[in-house]
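S.K.: Protein sequence lines correspond, in order, to chains A, B, C and D.
With our numbering applied, the first sequence corresponds to residues 7 to 156, in that order.
With our numbering applied, the second sequence corresponds to residues 7 to 156, in that order.
With our numbering applied, the third sequence corresponds to residues 7 to 156, in that order.
With our numbering applied, the fourth sequence corresponds to residues 7 to 156, in that order.
Please keep in mind that the hints were generated in silico from the structure rather than gathered at the bench.
Just so you know, not all the hints are guaranteed correct.
Claimed, not checked - Using 30 Å as the maximum straight-line C-alpha spacing, the simulated DSBU-like pairs for lysine-lysine come out as follows: (1) 127(D) to 154(C); (2) 94(B) to 154(C); (3) 127(B) to 38(D); (4) 127(C) to 94(C); (5) 154(C) to 127(C); (6) 38(A) to 127(C).
There are 4 protein chains.
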Amino acid sequence: MKKLLIIALVLLPFFSFAQSAMQPYLTLEDAKRISDAAESRAKQDNWTVVIVVMDASGNLISLRKVDGTQIGSIEVAQAKAKSAALFKRSTKVFQDAVVANPGVLSLPNVAAIEGGLPIFKDGVIVGSIGVSGVTSAQDGIIADAGVKAY
Amino acid sequence: MKKLLIIALVLLPFFSFAQSAMQPYLTLEDAKRISDAAESRAKQDNWTVVIVVMDASGNLISLRKVDGTQIGSIEVAQAKAKSAALFKRSTKVFQDAVVANPGVLSLPNVAAIEGGLPIFKDGVIVGSIGVSGVTSAQDGIIADAGVKAY
Amino acid sequence: MKKLLIIALVLLPFFSFAQSAMQPYLTLEDAKRISDAAESRAKQDNWTVVIVVMDASGNLISLRKVDGTQIGSIEVAQAKAKSAALFKRSTKVFQDAVVANPGVLSLPNVAAIEGGLPIFKDGVIVGSIGVSGVTSAQDGIIADAGVKAY
Amino acid sequence: MKKLLIIALVLLPFFSFAQSAMQPYLTLEDAKRISDAAESRAKQDNWTVVIVVMDASGNLISLRKVDGTQIGSIEVAQAKAKSAALFKRSTKVFQDAVVANPGVLSLPNVAAIEGGLPIFKDGVIVGSIGVSGVTSAQDGIIADAGVKAY
Numbered sequence: 007m008k009k010l011l012i013i014a015l016v017l018l019p020f021f022s023f024a025q026s027a028m029q030p031y032l033t034l035e036d037a038k039r040i041s042d043a044a045e046s047r048a049k050q051d052n053w054t055v056v057i058v059v060m061d062a063s064g065n066l067i068s069l070r071k072v073d074g075t076q077i078g079s080i081e082v083a084q085a086k087a088k089s090a091a092l093f094k095r096s097t098k099v100f101q102d103a104v105v106a107n108p109g110v111l112s113l114p115n116v117a118a119i120e121g122g123l124p125i126f127k128d129g130v131i132v133g134s135i136g137v138s139g140v141t142s143a144q145d146g147i148i149a150d151a152g153v154k155a156y
Numbered sequence: 007m008k009k010l011l012i013i014a015l016v017l018l019p020f021f022s023f024a025q026s027a028m029q030p031y032l033t034l035e036d037a038k039r040i041s042d043a044a045e046s047r048a049k050q051d052n053w054t055v056v057i058v059v060m061d062a063s064g065n066l067i068s069l070r071k072v073d074g075t076q077i078g079s080i081e082v083a084q085a086k087a088k089s090a091a092l093f094k095r096s097t098k099v100f101q102d103a104v105v106a107n108p109g110v111l112s113l114p115n116v117a118a119i120e121g122g123l124p125i126f127k128d129g130v131i132v133g134s135i136g137v138s139g140v141t142s143a144q145d146g147i148i149a150d151a152g153v154k155a156y
Numbered sequence: 007m008k009k010l011l012i013i014a015l016v017l018l019p020f021f022s023f024a025q026s027a028m029q030p031y032l033t034l035e036d037a038k039r040i041s042d043a044a045e046s047r048a049k050q051d052n053w054t055v056v057i058v059v060m061d062a063s064g065n066l067i068s069l070r071k072v073d074g075t076q077i078g079s080i081e082v083a084q085a086k087a088k089s090a091a092l093f094k095r096s097t098k099v100f101q102d103a104v105v106a107n108p109g110v111l112s113l114p115n116v117a118a119i120e121g122g123l124p125i126f127k128d129g130v131i132v133g134s135i136g137v138s139g140v141t142s143a144q145d146g147i148i149a150d151a152g153v154k155a156y
Numbered sequence: 007m008k009k010l011l012i013i014a015l016v017l018l019p020f021f022s023f024a025q026s027a028m029q030p031y032l033t034l035e036d037a038k039r040i041s042d043a044a045e046s047r048a049k050q051d052n053w054t055v056v057i058v059v060m061d062a063s064g065n066l067i068s069l070r071k072v073d074g075t076q077i078g079s080i081e082v083a084q085a086k087a088k089s090a091a092l093f094k095r096s097t098k099v100f101q102d103a104v105v106a107n108p109g110v111l112s113l114p115n116v117a118a119i120e121g122g123l124p125i126f127k128d129g130v131i132v133g134s135i136g137v138s139g140v141t142s143a144q145d146g147i148i149a150d151a152g153v154k155a156y
């Protein structure tokens, strides 16, 4: 019995080692639920937008473009989502920062307009949402509705 | 006789509306139905893929990435869909053409691998589907299932 | 009564055609007329410019470069036209917006200088004009002359 | 009198030397005439194409897209014209070359498909024409009609 306990204690670090290099990630089902919530929020006010969900590396998991949304928003929504994922922060933070510090605009993958939000699980980044199509403040409201559905 | 004249006058605006420079397009609902059909076909064989639906100009309307799909397929599926939309043909046509005519590989926006299909309405291009993740022949089967749902 | 039924049956296909997912678009003839008007306005003051007309997705329909125009304007005129089409607004709006909100400069396909104008038909975007070569205010005057010819 | 003639003959090479750092170039009027001829040839067979005329550096002077032409041809026609201008040869030469020598495909600005032709004046390159939309052989016929109008 004592032997078994010793074995268990000796094995423990290996078990936890084997289990340690893990990270949470967004599934397609997560992305659909997030997008559905964002799309519902947008439709509530007849806002036409593109809704993007990305993984923690800024890779697309889901994109949908509501009919009538300006074409330019397809790339803008992706830029916002990528920026939020790669820098783990709301793109609103960059929007505010560039006023005093325009040099931020020279950084790759920075989209300095509200509408991109990171998505965390237990403090770990798992992805992001990016919304574009209406005003940046409205884009932000839609993005927030999406994050809340996660 | 007078009645016919009235009918003609009533019909006139509809005729002229119908005859003006108008073209059909894919809606988000169309894109979702197409994507759902493609995703169902993929799941039937546990194939992990990215499914993209674009408009006639090669702009994204919808993208979804099934869990576990290789990251490279996110851009490949878009490249296939764009190629099929911009050149109004299956990317399989390019795949076959480059064997005798390798110069095709030098053309912008040509993806010369099966898995991209144009979508037509009454002979007019309205968009395309692009699939990537498994073998190109399997990608093609999934894309075909998507088109059939339109 | 029977006659009305026949009329209704005759009308039906035109109604459904008119109501399906259709959108207006610019023809090459439209683009030539728009470009001719813009070119005439430019020549009136011996202004050397590039004049671009694009479709609603920011694809080129027509481009012409007046002799002696600076080479840089070839791409600038396209950037303005693309921005106006993709965001359905005058590039002057962006030029003004970036003063208070410099983050706009980080958005893909935004050209924040006057000289790009969207073109609408019955409230639906059909394309755009982009002009570059002289001062941005003068570019704007030429672009406006083009739009008025549509 | 005879002396004057001798002086003139002696001076002639110096005059031409003084005038030598000059090169001919295509005007917008040239480009329109070339494009009109190409467009007429295309319409003769109801071929839908994009017609591009560039200067000797591969910069756009003129572009026009016939209604209904596949969107992909907008960039392909430019790629062909640029290739013909930058390498002073028909893109058909590259199309043939890549069969034995596929490495040509790795070179920047090479479009290895018929439909791009250089335009010369007195043996000096002044620009090029690029056509895309139908088969590459048909594109070539249209491009040729354009060059002949110069």
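S.K.: Run every hint past the structure and note whether it holds.
M.R.: Each hint, compared with the structure:
Annotation: proposed proximity of residue 127(D) to residue 154(C) is violated, straight-line Cα distance about 39 Å (limit 30 Å). Using a Cα cut-off of 30 Å, the hinted pair residue 94(B) and residue 154(C) is violated, with the two alpha carbons roughly 33 Å apart. In summary, the hint linking residue 127(B) to residue 38(D) is not supported, as the alpha carbons are separated by about 35 Å, beyond the 30 Å threshold. A distance of roughly 12 Å separates the Cα atoms of residue 127(C) and residue 94(C); the hinted pair therefore holds under the 30 Å criterion.
With a CA separation close to 12 Å, the supplied pair residue 154(C) and residue 127(C) stays within the 30 Å bound. Using a Cα cut-off of 30 Å, the hinted pair residue 38(A) and residue 127(C) is violated, with the two alpha carbons roughly 35 Å apart.
Violated hints for the displayed structure, listed by number in ascending order: 1, 2, 3, 6.
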